[in-house]
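Enquirer: Each chain, letter by letter, is given below.
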Amino acid sequence: MTWTSADQLLVSAFAKGKCSDPHTARLYTVDVKTDGVKAFRGLAGAEPSADPVSDQVACVQLTKLDGGSSRNNHAPLYAESLKLPDLDKGGAAGRTLASAQYRLFAEQRAFSQPQLAPGAQWVLAGETGSDVRITYTLYDTSDIATPWLSVSASALQAAAWAPHGGKVAFGGVAASSDTLSDACVYVDDVTSGALARTPPASCPARRPA
Amino acid sequence: MIAGVAWSNDGRLVADTLDRGTGTSNQHVLLMRGDDLSTVKDLGQGRLTVWAP
Numbered sequence: 000m001t002w003t004s005a006d007q008l009l010v011s012a013f014a015k016g017k018c019s020d021p022h023t024a025r026l027y028t029v030d031v032k033t034d035g036v037k038a039f040r041g042l043a044g045a046e047p048s049a050d051p052v053s054d055q056v057a058c059v060q061l062t063k064l065d066g067g068s069s070r071n072n073h074a075p076l077y078a079e080s081l082k083l084p085d086l087d088k089g090g091a092a093g094r095t096l097a098s099a100q101y102r103l104f105a106e107q108r109a110f111s112q113p114q115l116a117p118g119a120q121w122v123l124a125g126e127t128g129s130d131v132r133i134t135y136t137l138y139d140t141s142d143i144a145t146p147w148l149s150v151s152a153s154a155l156q157a158a159a160w161a162p163h164g165g166k167v168a169f170g171g172v173a174a175s176s177d178t179l180s181d182a183c184v185y186v187d188d189v190t191s192g193a194l195a196r197t198p199p200a201s202c203p204a205r206r207p208a
Numbered sequence: 000m001i002a003g004v005a006w007s008n009d010g011r012l013v014a015d016t017l018d019r020g021t022g023t024s025n026q027h028v029l030l031m032r033g034d035d036l037s038t039v040k041d042l043g044q045g046r047l048t049v050w051a052p
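So the protein lines, in turn, are chains A and B.
Counting in numbering that gives the first Met the number 0, the first sequence runs from 0 upward without gaps.
Counting in numbering that gives the first Met the number 0, the second sequence runs from 0 upward without gaps.
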């Protein structure tokens, strides 16, 4: 869920019996003063991230294209789109920033948990697969989705924009490490392009209790 | 591994580390300046829920 104003949340909710399945999610607004819940233009979507200043939202839409067959282990074919609807344009589904098609296997996602930067010039999303590994990609939202930076990490998805924009932090492991033991925090300055990380071994995964 | 990151309004950064060893789960909170990650400091066991405004 994400705040769109001081009084309103934008949330994604799932069909009954499909708890936490982003493939069935739809968007709703919640007025926290009146408890009123309304469908957000009837749009399908999951994992919304809003920037109230620019009135924009990033979210994902997943569409099942076929159910698969014995030729592909009955893995369904999905289309996943990274969408950017405006908050204040009724009826507008928003432009598609990027899209991908894949046969669903395990936890595969193309644009997992997108996070819109303050000012809405950038969006960070994760690509996940069958193991605990993620590739963060930072997209320029100004025209078409331009991948600006991609970093792979053996880690849970953990990222956050600085409150005033300009910098994004995410967790990972050192590029030279092939184990989970050298956890680190990255910060990317999107203005200069500089990528910094915590010093080696400064935040090891295993510490004495 | 890093399980979460969060910024304060004044540019500090916290990270939750998570170690799932054999039968254990060990969480620590790290604090650093967002413009100088070499300042990372271990605040001890725990998990950051939210920054105070």
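Don't take each hint at face value.
What the hints assert, rightly or not - Computed, partial: chain A to chain B, Cβ under 7 angstroms:
| id | residue |
| --- | --- |
| 1 | 38 |
| 2 | 41 |
| 3 | 43 |
| 4 | 155 |
| 5 | 157 |
| 6 | 159 |
| 7 | 162 |
| 8 | 165 |
| 9 | 184 |
| 10 | 191 |
| 11 | 193 |
| 12 | 201 |
Treat the hints as calculated values from the structure; they're not laboratory data.
In this text the structure is predicted, and so the values were computed from the model without any measurement.
Even for Gly, the Cβ is constructed at its ideal location relative to N, Cα and C.
Enquirer: All the hints need checking, so say for each whether the structure fits it.
Expert: Each hint tested on the structure:
1. Residue-level restraint check for residue 38 (chain A) is violated (minimum Cβ-Cβ distance to chain B is 29 angstroms; threshold 7 angstroms).
2. Nearest Cβ of chain B to the Cβ of residue 41 (chain A): about 33 angstroms, over the 7 angstroms cut. The hint is violated.
3. Here the hint on residue 43 (chain A) is broken, as its CB sits about 28 angstroms from the closest CB of chain B, past 7 angstroms.
4. The beta carbon of residue 155 (chain A) comes within 5 angstroms of a beta carbon in chain B, closer than 7 angstroms, and the hint placing it at the interface holds.
5. Evaluation of the residue 157 (chain A) hint against chain B yields a held restraint, the C-beta minimum of about 5 angstroms falling below 7 angstroms.
6. Given hint, residue 159 (chain A) at the interface with chain B, holds; its Cβ is 5 angstroms from that chain's nearest Cβ, closer than 7 angstroms.
7. A distance limit of 7 angstroms between C-beta atoms decides the matter here; for residue 162 (chain A) the minimum to chain B is near 5 angstroms, and the interface restraint holds.
8. A distance limit of 7 angstroms between C-beta atoms decides the matter here; for residue 165 (chain A) the minimum to chain B is near 10 angstroms, and the interface restraint is violated.
9. The restraint placing residue 184 (chain A) at the interface with chain B holds, with a minimum CB-CB distance near 5 angstroms, inside the 7 angstroms limit.
10. Interface restraint check: residue 191 (chain A) against chain B, minimum CB-CB distance 12 angstroms, threshold 7 angstroms, status violated.
11. With its C-beta approaching chain B no nearer than about 10 angstroms, residue 193 (chain A) sits outside the 7 angstroms limit, and its interface hint is violated.
12. Hint status for residue 201 (chain A) relative to chain B: holds, with the closest Cβ pair at about 5 angstroms, below 7 angstroms.
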